[in-house]
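Here is how the chains run, residue by residue.
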Amino acid sequence: MRRTLFLLTLVLTFGLFLAACGSSDSGGDSESSGSDSKSEEEGSGEGGNSDFTVAMVTDTGGVDDKSFNQSAWEGLQEFGKENNLEENKGYDYAQSESDADYTTNLNRLVREDYNLIFGIGFLLQPDVEKVASQFPETNFSLVDAVAEGDNIASITFKEHQGSFLAGVAAANKTESDHLGFVGGVDSELINKFESGFRAGAKTVNPDIKIDVQYAESFNSADQGKLIASNMYSQGADVIYHAAGGTGNGVFSEAKDRVRGGDEKVWVIGVDRDQHEEGAIDDTNVTLTSMVKRVDIAVQDVSTQAMEGEFPGGEVVEYGLEDEGVSLARTNEEAMTEEIISTVEEWKQKIIDGEVEVPMTRDETEEYVSSLK
Amino acid sequence: MFSNRTFNIVVPIVSVLLGLLAGAVIMVAFGYNPVAGYAAMWNGAFGDAYFLGETVRQVTPYILSGLAVAFAMRAGLLNIGVEGQVIVGWLAAVWIGSSFGMPPVVHVLVALLAATVAGGIWGFVPGLLKAKLGVHEVIVTIMMNYIALYLSNSVIRSVLTDGEDRTSNVAETASLAAPWLRELTFYSRIHYGFIVALVMAFTMWFLLNKTTRGFELRAVGSNPFASEYAGMKVGRNIIVAMVISGGFAGLAGAMEGLGTFQYASVSSGFTNIGFDGIAVALLGANTAIGVILAAILFGTLKIGALNMPTEAGVPTELVDIVIALIILFVASGYIIRWVFLKFSKEGK
Numbered sequence: 001m002r003r004t005l006f007l008l009t010l011v012l013t014f015g016l017f018l019a020a021c022g023s024s025d026s027g028g029d030s031e032s033s034g035s036d037s038k039s040e041e042e043g044s045g046e047g048g049n050s051d052f053t054v055a056m057v058t059d060t061g062g063v064d065d066k067s068f069n070q071s072a073w074e075g076l077q078e079f080g081k082e083n084n085l086e087e088n089k090g091y092d093y094a095q096s097e098s099d100a101d102y103t104t105n106l107n108r109l110v111r112e113d114y115n116l117i118f119g120i121g122f123l124l125q126p127d128v129e130k131v132a133s134q135f136p137e138t139n140f141s142l143v144d145a146v147a148e149g150d151n152i153a154s155i156t157f158k159e160h161q162g163s164f165l166a167g168v169a170a171a172n173k174t175e176s177d178h179l180g181f182v183g184g185v186d187s188e189l190i191n192k193f194e195s196g197f198r199a200g201a202k203t204v205n206p207d208i209k210i211d212v213q214y215a216e217s218f219n220s221a222d223q224g225k226l227i228a229s230n231m232y233s234q235g236a237d238v239i240y241h242a243a244g245g246t247g248n249g250v251f252s253e254a255k256d257r258v259r260g261g262d263e264k265v266w267v268i269g270v271d272r273d274q275h276e277e278g279a280i281d282d283t284n285v286t287l288t289s290m291v292k293r294v295d296i297a298v299q300d301v302s303t304q305a306m307e308g309e310f311p312g313g314e315v316v317e318y319g320l321e322d323e324g325v326s327l328a329r330t331n332e333e334a335m336t337e338e339i340i341s342t343v344e345e346w347k348q349k350i351i352d353g354e355v356e357v358p359m360t361r362d363e364t365e366e367y368v369s370s371l372k
Numbered sequence: 001m002f003s004n005r006t007f008n009i010v011v012p013i014v015s016v017l018l019g020l021l022a023g024a025v026i027m028v029a030f031g032y033n034p035v036a037g038y039a040a041m042w043n044g045a046f047g048d049a050y051f052l053g054e055t056v057r058q059v060t061p062y063i064l065s066g067l068a069v070a071f072a073m074r075a076g077l078l079n080i081g082v083e084g085q086v087i088v089g090w091l092a093a094v095w096i097g098s099s100f101g102m103p104p105v106v107h108v109l110v111a112l113l114a115a116t117v118a119g120g121i122w123g124f125v126p127g128l129l130k131a132k133l134g135v136h137e138v139i140v141t142i143m144m145n146y147i148a149l150y151l152s153n154s155v156i157r158s159v160l161t162d163g164e165d166r167t168s169n170v171a172e173t174a175s176l177a178a179p180w181l182r183e184l185t186f187y188s189r190i191h192y193g194f195i196v197a198l199v200m201a202f203t204m205w206f207l208l209n210k211t212t213r214g215f216e217l218r219a220v221g222s223n224p225f226a227s228e229y230a231g232m233k234v235g236r237n238i239i240v241a242m243v244i245s246g247g248f249a250g251l252a253g254a255m256e257g258l259g260t261f262q263y264a265s266v267s268s269g270f271t272n273i274g275f276d277g278i279a280v281a282l283l284g285a286n287t288a289i290g291v292i293l294a295a296i297l298f299g300t301l302k303i304g305a306l307n308m309p310t311e312a313g314v315p316t317e318l319v320d321i322v323i324a325l326i327i328l329f330v331a332s333g334y335i336i337r338w339v340f341l342k343f344s345k346e347g348k
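In order, the protein sequences belong to chains A and B.
When we follow the UniProt record's numbering, the leftmost residue of the first sequence carries the number 1, and every step to the right adds one.
When we follow the UniProt record's numbering, the leftmost residue of the second sequence carries the number 1, and every step to the right adds one.
Don't take each hint at face value.
As the list claims (entries may be wrong) - Chain B is nowhere near these chain A residues, computed Cβ spacing over 12 Å in every case:
#1 Gln77
#2 Asp273
#3 Glu332
Unchecked claim - Here are some of the chain B residues that sit facing chain A, going by a computed Cβ distance under 10 Å:
#4 Gly47
#5 Asn153
#6 Asp165
#7 Asn169
#8 Phe186
#9 Arg189
#10 Glu256
#11 Ser265
#12 Ser267
#13 Asn307
These are computed hints drawn from the structure, not numbers from a lab.
A virtual CB, placed ideally from N, CA and C, is assigned to each residue, including glycine.
From just these sequences and the hints, can you work out the full model?
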């Protein structure tokens, strides 16, 4: 008897929930049809390119992650502004709350007839590949990893080149000849940062010591702070982080140390210019940042797609030569003329192909042993 | 007794309605149209076959994690460790699924069994500590969650792969994928797991209500001292309850590992399947059928919410608040009921 009542209860609950939604559904329908006609009017008004639409799916970081999701969204917004697209219609983003949402979000945007859909972050690679194979009519683009498919343009960056320069800058700045590298998740992508950084630093000083540690997470600032604390305590004075939100912990540790005494420590930021993160009063712990112009890349690929020249099946690579990766110079006090000129020198060598920057640990070992 | 029954009917309905209402108020307060918002949610969950498939996909692990929490709860135990048990179950299922070759059907069954056993072991430890040493299961299970998370990361990295952050896909023979259902739902990730979940819900009902062991478990849950006086072995029942609860949770992990994702990956945080399972069990009043219905509600909310920013323009942050409010009211419904029962007991 009691069981029956439970059952009844929950059937009723669910029924009511459905009913509540059902009634609002009809309201929604009429409204959405209203907005449809509105967009049609706009479409005819603008003509030309206005029927091109573009959207992106974030990883779990969201569009305010102060890192590449935000950068990508800024790129799309810029693209939208240039082409008079309307937000939510001409360009939009879908935020993922968990890994399970990537596929759902990609599918939703396909269903809403976006012409080009970006997947932001290497975590979306399997999902983009799968959805792209199911919808050959739609164009996809994946940032930070290579995906196979004729309708996918993969956007990658030569992070190892930028990181090499970060290594050069760090090795020139350090007074203890001891550097640190904090990685997010130990993966092919982050290894590129590590490899470039180590190679760059060893090039300047083959005897320099570099601690490398991974936090196994892109969003635990507490871990980042702990690792940074260990590294600084053991004598490192410049830490390069490639760890997204985890890197915020590195900044906070560095700031605590500089604030607390006469220790002189530095952080090298990543993805965006992280000058703001390092500010304390009138000084700043951010030596420089390895900037990845995800926004430019997203804009570029969108423009190409709009003009009917979508680079499907190709890998679009951004490096030093096209300013796709670069070293920030916001901290003029710390980045002295001397450091900048050394960095420029190596930058030119990389662009000219005189230096082949390693991308993996094995290549790094080889590179480092060739220096001696 | 009558008031209790009435409450079992009224409280969940009222709490869901209040939650939706509060969500609507929030949307109005921030200048968004709640009707459009909920319509977007509805369309996002049931709008076409694809979303329906995704909703079923999301509901499946919720049923199992809800059953896990509910089962322990019926034996008077609060299993916060469902999350960790989900993770080890996921890992075990993928391990069997990707590293061994077996004939079809057998392979998937062995993988499911492995997940159940792994989850069971993860439930056994806190059960044993509780039964023998009286250590509170909440503390132990919370700690076991972290052990599961980091152990699983380390196994994926160093045992299942060579330093990669994701395992290879499980073999075709171990996959729960239902190609014809997927095609029917425009390639959603729906899989046969929902059958497993429904069978398990029936199993739980049968176990608790039709077997001696189930009676003992419920007796221990209602009053351990009276049960012991009646000659039941309380300690053993606690262990059994935790093992079975862990087994359900392990299966929830297998749903993700063999069905939704087909692989396991290094993860920096929890899946939340286990934690959401607590809310599912609460709303479902710890009964099998209740858990199924509550899981459907939660799955709908989760999948439908993803559509709210794109279709109705409600920002993601606001959607999170609306969902949290609904859950809050569902949970506080339980509190209201609890307070009322306390009150009426004192009144007597």
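Results of checking the hints against the structure:
Its beta-carbon lying about 15 Å from the closest one in chain B, Gln77 of chain A satisfies the requirement of being farther than 12 Å from that chain. A cut-off of 12 Å between C-beta atoms confirms that Asp273 of chain A is not in contact with chain B; the least separation is 25 Å. Taking the minimum C-beta to C-beta distance to chain B, about 36 Å, the non-interface status of Glu332 of chain A holds against the 12 Å cut. The beta carbon of Gly47 of chain B is positioned within 10 Å of a beta carbon in chain A (closest approach about 9 Å), and the interface hint is therefore held.
Annotation: Asn153 of chain B was flagged as interfacial toward chain A, and the flag holds, the nearest CB pair being 6 Å apart, inside 10 Å. The beta carbon of Asp165 of chain B comes within 5 Å of a beta carbon in chain A, closer than 10 Å, and the hint placing it at the interface holds. Among the interface hints, the one on Asn169 of chain B holds; its C-beta lies about 9 Å from the nearest C-beta in chain A, closer than the 10 Å criterion. Interface hint status for Phe186 of chain B: upheld, as the beta-carbon distance to the closest one in chain A is roughly 8 Å, under 10 Å.
Residue-level restraint check for Arg189 of chain B holds (minimum Cβ-Cβ distance to chain A is 6 Å; threshold 10 Å). A least Cβ separation of about 8 Å between Glu256 of chain B and chain A falls short of the 10 Å threshold, and the interface hint therefore holds. With a cut of 10 Å, the hint placing Ser265 of chain B at the interface with chain A holds, because the nearest CB-to-CB distance is about 7 Å. For Ser267 of chain B, the suggested interface contact is upheld, since its CB lies about 8 Å from the closest CB of chain A, less than 10 Å.
Of the supplied interface hints, the one on Asn307 of chain B holds, with its beta-carbon coming within about 6 Å of a beta-carbon of chain A, less than 10 Å.
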